[in-house]
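Visitor: From first to last, the protein sequence lines stand for chains A and B.
For the first sequence, our numbering gives the first residue as 1, with consecutive numbering after it.
For the second sequence, our numbering gives the first residue as 1, with consecutive numbering after it.
Certain hints may be false.
Identical copies carry no separate label here, and so any pair may be met within one copy or between two of them.
Unchecked claim - Straight-line alpha carbon distances no greater than 25 Å define the calculated BS3-like cross-link-like pairs of lysine-lysine that follow:
#1 K107 with K440
#2 K422 with K331
#3 K30 with K331
#4 K34 with K331
#5 K126 with K492
#6 K484 with K440
#7 K440 with K416
#8 K492 with K331
#9 K126 with K474
#10 K150 with K331
#11 K484 with K34
#12 K34 with K422
#13 K111 with K474
#14 K440 with K336
#15 K336 with K34
#16 K199 with K34
#17 K34 with K126
#18 K126 with K440
#19 K52 with K30
#20 K126 with K52
Just so you know, the hints here were simulated from the structure itself, not pulled from any lab data.
The primary structure of each chain is shown beneath.
Number of protein chains: 2
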Amino acid sequence: MSLKTISRLFAYSPRYLQNARALNINTVNKEVVKSSYSIRGHLNTVSDQLRKRMAAGEKLPFDSIIPCNIGNPLAVGKDPLTFPRDVVSCIENTKLLNSADISEEAKDRAKQIIASTGGRFGGYTKSQGIEIVRQHIAEFMYKRDGYPCKPDDIYLSDGASSAISFLMTLLIQHNNVGIMTPFPTYPVYTSEAAVHGGKIVPFYLRESNNWSLDIEELVRAYNLAIKEGIDVRCMVIINPCNPTGHVLRPETMRTIVDFCEQNNILLIADEVYQDVVYNKERPFYSFKKIASQMKSNIQLVSLHSISKGFMGECGHRGGYFELYHFPEDVKAQIFKMATFGLCPNAVGQVIVDCMVHPPEAPENKAIWESERNSYITKLQQKSVKLAECFNSLPGIKCKPADGGWYLFPALSLPLKALEAAKSCRWQREVMPPDFFWCLKLLEETGVIVVPGSGFGQVPGTFHFRSTFLPEDEKFDQVIERITKFQNEFMTKYD
Amino acid sequence: MSLKTISRLFAYSPRYLQNARALNINTVNKEVVKSSYSIRGHLNTVSDQLRKRMAAGEKLPFDSIIPCNIGNPLAVGKDPLTFPRDVVSCIENTKLLNSADISEEAKDRAKQIIASTGGRFGGYTKSQGIEIVRQHIAEFMYKRDGYPCKPDDIYLSDGASSAISFLMTLLIQHNNVGIMTPFPTYPVYTSEAAVHGGKIVPFYLRESNNWSLDIEELVRAYNLAIKEGIDVRCMVIINPCNPTGHVLRPETMRTIVDFCEQNNILLIADEVYQDVVYNKERPFYSFKKIASQMKSNIQLVSLHSISKGFMGECGHRGGYFELYHFPEDVKAQIFKMATFGLCPNAVGQVIVDCMVHPPEAPENKAIWESERNSYITKLQQKSVKLAECFNSLPGIKCKPADGGWYLFPALSLPLKALEAAKSCRWQREVMPPDFFWCLKLLEETGVIVVPGSGFGQVPGTFHFRSTFLPEDEKFDQVIERITKFQNEFMTKYD
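Chain A extracted, bound-state conformation (with noise of 0.2 Å):
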């Protein structure tokens, strides 16, 4: 059959007529169109280009750029932990198991995992993980929580994103289905909920408070879903707070267990920032213990990460998450559409088996125990040398981190400063005043914070957040330029 024959029997198809794109910005997923990922978005495309201009020799007003925009510590001197990296490296090349470079303990640990994985590391794994590792973190999880863990509950993932995009495609199966998030929030879990079709029901952490979380504010929101309609099937709770820092008490857990439970909310349990608590009053307490110690019936999936806490292990993309009441047929679908995927990397899974189940020998042990506690106390120094910097400073209050890696100071703008912003532009709308605030501090000191307009606020309000990752004289260099740029925009601005 020649091609012009062919043509003649093709049906009318009006896109062709057109001349349109296959792929057009109209046909692309609208809710991909009208999604949106602040940490990672224009600012840090700006901080890109600020780059390429330093490295073509432009002269610009400071000699680096630092990014607090980013929770990636390996990126801002942080070095990693020494045993997960020599597991990885002898079970990656085997013929490591015999150098004198690499610690006996490391040898045997990759030794048990490459046997859990048939003989040879690299293959696909199980799509649910690794054998042993499940098993290490099920060890973990009942030696944290003091109550049993299954194996079979738990997931390994690439990092909690793609956790959270994995769970957001489970629940969410039409344009009506609520999802319970905290404002300010760590912003995956908006982008995620809108490209699967999801609702996102805001509840407004208190600022007033330390950014606790009021059981009220959860009431209030979730009537006015109701009323609106929704079908609200989920909660997210970030514990210790992205991005505000903040740790819940238990008391307060037990009242979102009960909320959850009379109102049969299955409750998203991100815990990431788990091993690092810096308020000594605060100490962290998983979900998963204080369900368990109400006896509680609520569907409970919890998150953790290699990303976070004291490893920062980020672009190894390793996490897991554990199910909790799930039932049977729900469980079978779950780990059917984790076959879709084929498995979690497996560098990853061998990290997360590092961080739940360390080093034991004495000389390993120490090096493991100091590397992470002088890690976690100069996070917790930086955390309130920053927050104290900040506090100086006209314009801007800060409420301490109790655990976590991030400050969500709020900024109070001059009235010159808001009727700026509105003169720009940003994608064709205008700017948001906090938004206007970053990009200038950006542009004149080279530091990148994240606007807060990108984790949900108070309308009215305005905030950004702030790593304290970056190490040394880029940290003094970070509270330097900050407290220069800030003196000068409120006089500016005046």
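Following the hints, put chain B in place on chain A, whose structure we already have.
Guide: Relative to chain A, chain B alone:
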């Protein structure tokens, strides 16, 4: 406020009153429930149970399980290539940059990649992938095709399956988006299209003509879909083909490009088996090359992966896709969506780098080529041997493989076997006859293959997919066990 007061405030919640779980089988995303992925489906679960029974000491009719279902060569005897593992172990553990066990070239590559990730490896990379890796990919594509390739049009991914999921999210914005898919197909396409709510528009490959693709069949499938009101946006072509082993001729590829251009269809070219072609008369051509030669304007996404070909690094989850003829505003959406997942795992990206930019120092190059070529030669020999075995057996007819990792033989099942299958249940439905055959094969021989019904096949025909990946005595065992089984099966159901 007391909990009792709060309870009274709660709005009416039908799920609570019905005492059903927030997430139960009726509230799980229905697209997930409808979807399936046969390769890791029920037979995989049965094989796990058999393994456990053997481990518990039970005597079965075989002494080992041999997986020919999953394309996972490191699980069945393949060794990883030396160079990528040397590079990865150095990158993970920089003290090995002084090790005598690792070649200087691998150390240099490691240093180059570490420099490209900002001086310390393990943090998040750029969402699109490490810059030097994308540059190496672009050079590889240019060398392969003779047409320019821009690093900015390349996205690294966690293997091809995550790229497929990504593309389906992008493409499917309502339940009426049609994805033209070859039957038989690699089932991740149908699974992911289903989960995202798309409509599969199948076109059948012609078994009688060595599984070739007929333009008349494309036209039939397309016209039927248009008649049904489906908005056909995209076509998937897998070349070399999974599961049939067919490699497309350039003239067929040109017809496909014309068809896509005239009907304004975006082409997803899955070219992950491009490096393993056995039929000298059917060399591999990329769709990028063919479309470029034709000066065609079609929109094309081409996929590649470290999991397949001669690498087999499945568990490292590395791959990439190239966008061709994408408008800038769509690319901006793709870039944004890539940021939601933060970045593909960094180690997978390093192995992609080694695949597209192999070692050049004479000694390393010799090792690389010997490892690669001996593996491909063995694959070819085994493909012939297994096809000959199948064709020597009653009730099985098998086309030889031009390339790839699989054979997709046809089963002629005796009436009595069809009757026997009818009396078996699987997921409350009648068991497809080829599923019945595969289950019997597994239970009696320990060899796992995948029923054709999971790939799509002409109704009334039956097939199975088998890899020829197992090495040495395992491969001999596959031939021996299937031979014995099929002779007995045909006698039993005669």
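Visitor: Could you run down the list of hints and mark each one as holding or not?
Guide: Here is how each hint holds up against the structure:
Taking identical chains as interchangeable, the C-alpha atoms of K107 and K440 are never at most 25 Å apart, the minima being 50 Å within one chain and 41 Å between chains. Taking CA atoms no more than 25 Å apart as the test, K422 paired with K331 passes in neither setting, with 50 Å inside one copy and 28 Å between copies. For the identical chains of this complex, K30 and K331 are inter-copy neighbours only, at 14 Å across copies versus 30 Å inside a copy, given an alpha-carbon limit of 25 Å. Within a single copy, K34 and K331 get their C-alpha atoms only as close as 31 Å, which misses the 25 Å cut-off; across copies the closest is 15 Å, which meets it.
For the identical chains of this complex, K126 and K492 are neighbours neither inside a copy (60 Å) nor across copies (35 Å), given an alpha-carbon limit of 25 Å. In this homomeric assembly, K484 and K440 come within 25 Å of each other (Cα to Cα) only inside a single copy, at 13 Å, whereas the closest approach across copies is 76 Å. Taking identical chains as interchangeable, the C-alpha atoms of K440 and K416 lie at most 25 Å apart only when both belong to the same chain, with a minimum of 14 Å there against 78 Å between chains. For a Cα distance limit of 25 Å, the shortest separation of K492 from K331 qualifies neither inside one copy, at 59 Å, nor across copies, at 38 Å.
For the identical chains of this complex, K126 and K474 are inter-copy neighbours only, at 21 Å across copies versus 42 Å inside a copy, given an alpha-carbon limit of 25 Å. Taking the shortest alpha-carbon separations for K150 and K331, only the intra-copy value of 13 Å comes in at or below 25 Å, while the best inter-copy value is 43 Å. For a Cα distance limit of 25 Å, the shortest separation of K484 from K34 qualifies neither inside one copy, at 37 Å, nor across copies, at 59 Å. For the identical chains of this complex, K34 and K422 are intra-copy neighbours only, at 22 Å inside a copy versus 49 Å across copies, given an alpha-carbon limit of 25 Å.
When the C-alpha separation of K111 and K474 is checked against a cutoff of 25 Å, the pair qualifies only between copies, where the shortest distance is 23 Å, while the shortest distance within a copy is 39 Å. Taking CA atoms no more than 25 Å apart as the test, K440 paired with K336 passes between copies only; the shortest distance there is 22 Å, against 48 Å inside one copy. For the homomeric pair K336 and K34, the shortest alpha-carbon distance between copies (11 Å) is at most 25 Å, but the shortest distance inside one copy (29 Å) is not. Proximity of K199 and K34 under a CA criterion of 25 Å is satisfied in both settings, with 12 Å inside one chain copy and 23 Å between copies.
For a Cα distance limit of 25 Å, the shortest separation of K34 from K126 across copies, 22 Å, qualifies, whereas the shortest one inside one copy, 35 Å, does not. Only between protomers do K126 and K440 lie at most 25 Å apart by alpha-carbon distance; the minimum there is 23 Å, versus 48 Å within a single protomer. Within a single copy, K52 and K30 get their C-alpha atoms no closer than 32 Å, and across copies no closer than 47 Å, so neither meets the 25 Å cut-off. Proximity of K126 to K52 under the C-alpha cut-off of 25 Å is restricted to the inter-copy arrangement: shortest distance 15 Å between copies versus 43 Å within a copy.
Consistency with the previously given hints fails for numbers 1, 2, 5, 8, 11 and 19, ordered from lowest to highest.
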